[in-house]
Amino acid sequence: MKILLSHGDGGSLTNQLVKDVFRTAFQDEFLEEEGDASILPNMSGRVAVSTDTFVIDPLEFPGGDIGKLAIAGTVNDLAVSGAIPQYLTAGFILEEGLSIERLKKIVQSMAHTARDAGVRIVAGDTKVVERGKGDGIYINTTGIGYYPIERRLGFDQIQPGDCILINGGIAEHAVAVLSERAGIGFSEVLQSDCRPLNKMIYALLKRFHSVRFMRDPTRGGIATTLKEIALQTKMDMMIQEEFLPVRPRVRGALELLGMEPYYMANEGKVLIIAASEEADEIVSFLRQFPDQEIAGRIGTVQTGSGNVWLKTPFGGTRNLGMLSGTPLPRIC
Amino acid sequence: MDPLASTKERRQLLVSGTVQGVGFRPLVYRVANKHQITGSVCNQLGIVSIEVEGTVEQINRFIRDLEVQTKEPAKIESIEQSLLPLANDNCFRIKESKAEGISGYSFPPDLAVCSECISDLTHPSQRYYNYPFTSCSNCGPRYSIIQGIPYDRPVTTMKDFSLCEPCRKEYEDPSNRRFHAQTIACPTCGPIVELRNNKNVLVSGDWKRNVEKALLTGKILAVKGIGGFHLICDAASRKVVEKLRNRKRRARKPFALIVRDLQTVEENFELTQAEQELLASRRAPIVLLRPKPFLKEWLPLESLAPGYQRLGVMLPYTPMHALLFTDSLSFLVATSGNQSGLPIARTNEEALQQLDGIADYFLLHNREIGVRVEDSVCQVVDEQISFIRRSRGYVPESIPFPLPPFGVKEIPTVLAVGAEMKNTACILHGDRAILSQHLGEIEHEEQLTCWREGVQHIQELLRVEPEIIAYDPHPGYIVTQQALDQFQDYPLFPIYHHHAHMAACMAEHGLISPVIGCILDGTGYGRDGNLWGFEILTGDYLKFERACHLEPLALPGGEAAIRYPWMMAMSLLYQLEQDMFFTKHWALQLFPDVKEQLPFLLAQLDGRIPCPRVSSAGRLFDAVAALLGICVESTYDGEAAVLLGERAEMSSTGCLGKGNYSFAYSAGQWRVGQLIKDILGDLMLSVPIEEIAKKFHHTVVEMVIFGVLEAYKKTEIRSVVLSGGVWNNRYLLSCAKKRLKEVGFTVYTHQKIPAGDGGIALGQAVSALWRWHHHVFVRSSEDH
Ligand SMILES: [Fe+3]
Ligand SMILES: [Mg+2]
Ligand SMILES: [Zn+2]
Ligand SMILES: [Zn+2]
Numbered sequence: 001m002k003i004l005l006s007h008g009d010g011g012s013l014t015n016q017l018v019k020d021v022f023r024t025a026f027q028d029e030f031l032e033e034e035g036d037a038s039i040l041p042n043m044s045g046r047v048a049v050s051t052d053t054f055v056i057d058p059l060e061f062p063g064g065d066i067g068k069l070a071i072a073g074t075v076n077d078l079a080v081s082g083a084i085p086q087y088l089t090a091g092f093i094l095e096e097g098l099s100i101e102r103l104k105k106i107v108q109s110m111a112h113t114a115r116d117a118g119v120r121i122v123a124g125d126t127k128v129v130e131r132g133k134g135d136g137i138y139i140n141t142t143g144i145g146y147y148p149i150e151r152r153l154g155f156d157q158i159q160p161g162d163c164i165l166i167n168g169g170i171a172e173h174a175v176a177v178l179s180e181r182a183g184i185g186f187s188e189v190l191q192s193d194c195r196p197l198n199k200m201i202y203a204l205l206k207r208f209h210s211v212r213f214m215r216d217p218t219r220g221g222i223a224t225t226l227k228e229i230a231l232q233t234k235m236d237m238m239i240q241e242e243f244l245p246v247r248p249r250v251r252g253a254l255e256l257l258g259m260e261p262y263y264m265a266n267e268g269k270v271l272i273i274a275a276s277e278e279a280d281e282i283v284s285f286l287r288q289f290p291d292q293e294i295a296g297r298i299g300t301v302q303t304g305s306g307n308v309w310l311k312t313p314f315g316g317t318r319n320l321g322m323l324s325g326t327p328l329p330r331i332c
Numbered sequence: 001m002d003p004l005a006s007t008k009e010r011r012q013l014l015v016s017g018t019v020q021g022v023g024f025r026p027l028v029y030r031v032a033n034k035h036q037i038t039g040s041v042c043n044q045l046g047i048v049s050i051e052v053e054g055t056v057e058q059i060n061r062f063i064r065d066l067e068v069q070t071k072e073p074a075k076i077e078s079i080e081q082s083l084l085p086l087a088n089d090n091c092f093r094i095k096e097s098k099a100e101g102i103s104g105y106s107f108p109p110d111l112a113v114c115s116e117c118i119s120d121l122t123h124p125s126q127r128y129y130n131y132p133f134t135s136c137s138n139c140g141p142r143y144s145i146i147q148g149i150p151y152d153r154p155v156t157t158m159k160d161f162s163l164c165e166p167c168r169k170e171y172e173d174p175s176n177r178r179f180h181a182q183t184i185a186c187p188t189c190g191p192i193v194e195l196r197n198n199k200n201v202l203v204s205g206d207w208k209r210n211v212e213k214a215l216l217t218g219k220i221l222a223v224k225g226i227g228g229f230h231l232i233c234d235a236a237s238r239k240v241v242e243k244l245r246n247r248k249r250r251a252r253k254p255f256a257l258i259v260r261d262l263q264t265v266e267e268n269f270e271l272t273q274a275e276q277e278l279l280a281s282r283r284a285p286i287v288l289l290r291p292k293p294f295l296k297e298w299l300p301l302e303s304l305a306p307g308y309q310r311l312g313v314m315l316p317y318t319p320m321h322a323l324l325f326t327d328s329l330s331f332l333v334a335t336s337g338n339q340s341g342l343p344i345a346r347t348n349e350e351a352l353q354q355l356d357g358i359a360d361y362f363l364l365h366n367r368e369i370g371v372r373v374e375d376s377v378c379q380v381v382d383e384q385i386s387f388i389r390r391s392r393g394y395v396p397e398s399i400p401f402p403l404p405p406f407g408v409k410e411i412p413t414v415l416a417v418g419a420e421m422k423n424t425a426c427i428l429h430g431d432r433a434i435l436s437q438h439l440g441e442i443e444h445e446e447q448l449t450c451w452r453e454g455v456q457h458i459q460e461l462l463r464v465e466p467e468i469i470a471y472d473p474h475p476g477y478i479v480t481q482q483a484l485d486q487f488q489d490y491p492l493f494p495i496y497h498h499h500a501h502m503a504a505c506m507a508e509h510g511l512i513s514p515v516i517g518c519i520l521d522g523t524g525y526g527r528d529g530n531l532w533g534f535e536i537l538t539g540d541y542l543k544f545e546r547a548c549h550l551e552p553l554a555l556p557g558g559e560a561a562i563r564y565p566w567m568m569a570m571s572l573l574y575q576l577e578q579d580m581f582f583t584k585h586w587a588l589q590l591f592p593d594v595k596e597q598l599p600f601l602l603a604q605l606d607g608r609i610p611c612p613r614v615s616s617a618g619r620l621f622d623a624v625a626a627l628l629g630i631c632v633e634s635t636y637d638g639e640a641a642v643l644l645g646e647r648a649e650m651s652s653t654g655c656l657g658k659g660n661y662s663f664a665y666s667a668g669q670w671r672v673g674q675l676i677k678d679i680l681g682d683l684m685l686s687v688p689i690e691e692i693a694k695k696f697h698h699t700v701v702e703m704v705i706f707g708v709l710e711a712y713k714k715t716e717i718r719s720v721v722l723s724g725g726v727w728n729n730r731y732l733l734s735c736a737k738k739r740l741k742e743v744g745f746t747v748y749t750h751q752k753i754p755a756g757d758g759g760i761a762l763g764q765a766v767s768a769l770w771r772w773h774h775h776v777f778v779r780s781s782e783d784h
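If you read the sequences in order, they're chains X and D. Per UniProt numbering, the first sequence starts with residue 1, numbered consecutively. Per UniProt numbering, the second sequence starts with residue 1, numbered consecutively.
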C-alpha cells in the first residue's frame, strides 16, 4: 500500500490512516478524544515551547530514522534549555507514493522514542503532497515543557575560566547518514547518536549546580554552536583538538570526505559549560550513560572577542568560523 | 680635448638602486679620493646622495669608475645629476644619514659572509678569531635586522651593542674593510653565543668544541641564524637524519644541506657555471644540485631526499654556520626550526618552547632577529635561474614592473595579500614592486600574525600605507578574509588565482600587450566557483579569457584527494567509463590496501555525496603518479607530482619531447580518457615506470601546444607566458619551452620570482593597479 493524494484530503482515507497508523502507534488518551484541541492539565512552573521541522535523506539510517530524530530533536531542544519536556505535537507532510509500511515503521519509532523520553504526543496533523514535491516525509514537532527550578541557564551565566564539556563522540549522526548514502550496511559500527537526552540532563542539573549553559550541537556541529556562544558572550572559546572525542571509524570516514568533525551534525550530544571545579565530576557522571564513555572536557572559556580557537596538537591555532558551504581545498 | 673639461664645478648625484648597506658609501669615498675629488656622500631614504666638486673631467671619470667598481650585490639603477654652486671644501666626507628625500627605493637584502671575513675567523691572532658575528661593509645581515631607514646601526637590532675602541677605529678608517660597516662587532663589544641543553641549562666550556662534540655524537641542534632558527645535524648519518624526521614529523620532504665550502661542493656535486655562481653569490640561496654518483657512499641520499635526483645545497652564509664545520664534518642538514603548522622560531624563547622535544641543544645568541626571513631555494634549468622560493638574499630587492600608460601622476600604493600557501605579499610603490620574503602557509593564527608582521615590516621600511588592495577571491583563504576585514573601506580588487599567475609572469618580463598564459598549477579558485589549474588563458592585466582547460574531474574529499593521490587516480578511472564495476576492479588491482575506504570514495565519484570538481594539472600529475605506484599518499605539498617529474628525468630512453600518449579535445576541454587507458595499457605491458612518466610529460607538453595553437587561432597572439607551480618541473619546463619555440612562439618563463604561489602577489598587485588606472572595478561575482 502506498500513500495516495486522497490520504490527505480529510476524507475517509485520511481517517483510516490516522486510525491505523498514528493512533495505534501513539495510543494517547488526549489523541483518542479527537477534539480540535487537546486540553492539558496545569504545569508546575514556567512553560517552555520549542518547534523544529525534520527533513532528511535517507529516511532511515544506522541508529535511527526520521521519526526518532523528530522526537529526540525537539525533546533535546527543550532539555538543554533546562526545561522538562512533557508533551509533543507532530505534523506530517507525506509524499504521494510513500509506502504505508514504511510510514508505520517511522511512526512506531516516534512512539517508541517518545515513550523512552517520557513525553506524550498530544496532537497531530497530516497532509499529502504530489509525487516529486517532497522527499517521502517531512515531520514537524512542537514540544511543551516546564522549568522545575529557579536556576537559570543562559549566555549571561557564562564566565571566563569555565569549562566546555561534551557527553560523547562527535559527528556520529552526520557520518551515519553519509555512510547510509554511500551504501555502507547497517552492520557497520557507524551509528547515529540520535537519542533523547532529557532524562540524562535532568539528572545532571539536579546533581551539579555550576552548569551555566547547555546547547545541542546539531546542524553545523560543535564549532557552529560554540561560535554562537562566543558571539553572544563576546568571550573566546578555546578548544583542544586532541581532547575532542571522535571515534576512530568516524574520523576515518570524515577524512575520506574531507570533512572536519567539529562541523558535523550530532543528534544526541549536548555541549555543557560549567565551572571548572565541577568539570571532572561532571565528566565521570556523563561517562556512566550508555555510549557516553568518551565524554570529556574539550576546552575552556576565556575573555576575548567572540572567537572560537582550535588548538591543534602541535601548537598551531585555528580560528573557527561558521561553516559556509562545501569546504574548497586551499592547497594550491 | 673638450675645452670645458678642466672647468671646475660641483654636482649633486642622486644614486638609486641597491646602494645602502652594501658598502656603497665606502666605495664612493675610496673612488672620490682616488680621483682627488672633494665633497660628501650620505644615505637618504633609500637612495645615496653624493656631492662632488672637481673638474668636469675628474667628475666624469669618477662616475665611470664608480659604475665599473660597483659589484654585486650593490647595483646602480640610475644616477640623477644636477649642478650646485661651488663650496670649495678641502676633503671628501661621509656624512650622517638624512631621513628625507623620496622613499621606496631599494634597501639591502641579507648578505652572505664574504671570504675575507671567513679568513678572519681562522687566524688565532686576529680580533675576529672564531667570532661568529663578524661582518664587513660587504657582508652580513641587513634586511632581517633593519627596523627603519635610512640603513644605519641605530635602526637595526645591533643598536644595543655600542662599539669598543678598536671597532670604532676600524669603522672610521677609510682604508679598512669595515669602514662604515653598520654591523661591525667583536667579542668585546658585540653579540655573544651561548649553548643550552634541552633542559635550558647553559653548557659550560668552549661553545665551538661543545657543538662539535654534539654534532659528532648525533645530536640535533637548534641554531639561531639570520632570519630564524635552523635545525642542524650531521647529514652523513642515516640514523640521525631519521631521528630528525621522526621528531619533526616530516616523513619524506627533502632536507637541505649546508656544505662546508665551495670546494667540497665542487668535489661532490655536478656543477654548471650558473649553479656555481648562484651558490657562491652573496645571496647564498639553496640550489638544487645533482650529487656525483659516489656521494651515495658517503651520505644517506634516500633519507635526505627520498625519490629525488638532486639535493638542496647551500654554503655557510654566516660566520656562525662556517664555524660549525670541522675536519670530520663536511655536510650538515639544515632545515627550518619550526613545528609543522607554526612559523619558524624567531626569538630564543620561541625556539626553546617550540623546538622542545626536537632539538637536543640550542645554540643561541643575544642579537635579535628583527624579522623572519627563510632561506631562498632555486634551481637552474637550461642555464637559467628558476626560484622555488624567493626569500633571504633577494628580499627586499625591488622588481621593476610595467606601469599603466598615459603617465599616471599619483601612483597609488598597492598591497597584494598573496595566496594561501607559500605566501608572499607584494607592495607596489612608485615604479617599484617589493615582493616580501616567504611568509609560508597561512592556516593558523600564529602564521597569520607572522604574515601581518612581514607586511608591516615592508610598509615601515617604505614608509607607506596601502591605498589599493588586491586579493585572491577564494572564499576559504585566510589572507583573503584578513584583507576583506582589515581593508573593507579600501578599493578592493579580486584577482583570480590563475589570472594572477599569468599577470605575475607578464609583469616580471615587463609585458603589456595581451599574452597567452599556460597556467599549470595545483588548485586555484576559478570564476565559475570550481577549482582550476590546467589553463590556457588569453588576456592582459585587465581581463582574461579561458581558451582551453582540462575536463573537470571529481575531487573526492576536497583536500583529502590532494593528500591521497590514489583518490585522484580513482577519480580519473571513474571519469574514463563512468562505471562502478570498472572503477572498483582497477581500485582493487592497483590499490589493494584501500578496500575499506572505497565506498565513501565511490559515493563521491558518482555524486551520492557531493564533492568539489577540479581541472588542474597538479591533480593530473598526482593521479598518474599514483597509477604508477610512485606516490599513493602525499606527505608534503606537491610530493606526487615532483616525484613523477624526477622519474621522467631518470628515464634514459626517448629523446627530449618525443613519444607521447593521445588525448582528445572538445568544447574547449582536453579529454584525458585515452591518456589514462594508454597508461594502464603500458602498465600491463610492464613498460618501465620511468618511460611511462616521460611519455606522460610529453603528452602534457603536446596538450599545452595544442591549447596554445587554439588560442593563437582566435587571437593571433605570439607571446606565451608559463606560470603556476607545476612549472617547477624541470623536464616539463625544458620540453615545453623547446616545443613552443619550435612552433614559433616567444616564450617567457619565471626567472625573478617563483612560478608557484610565491610569485602570485606580484601578479595580483600589478593587475590591480592597471584595473584601478583603467577604472575596471569589478567584484569577484561580476567578473565573468
Ligand atoms: Fe597556484
Ligand atoms: Mg533543533
Ligand atoms: Zn665580510
Ligand atoms: Zn668591538
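Certain hints may be false.
In silico BS3-like cross-links for lysine-lysine, where the CA-CA straight-line distance does not exceed 30 angstroms [as the list claims (entries may be wrong)]:
1) D/Lys584 to X/Lys311
2) D/Lys584 to D/Lys677
3) D/Lys543 to D/Lys584
4) X/Lys311 to D/Lys752
5) D/Lys243 to X/Lys311
Note that these hints are calculated values from the structure, not bench results.
Going down the list of hints, with the structure as the test:
1. D/Lys584 to X/Lys311: Given that 30 angstroms is the threshold and the Cα spacing comes to 38 angstroms, the pair is violated.
2. D/Lys584 to D/Lys677: Roughly 15 angstroms separates the two Cα atoms, so the pair holds.
3. D/Lys543 to D/Lys584: Not satisfied, since the Cα-Cα distance of roughly 43 angstroms exceeds 30 angstroms.
4. X/Lys311 to D/Lys752: Distance of about 37 angstroms is beyond 30 angstroms: violated.
5. D/Lys243 to X/Lys311: holds (26 angstroms)
Taken one by one, the earlier hints fail for this structure at numbers 1, 3, 4, listed in ascending order.
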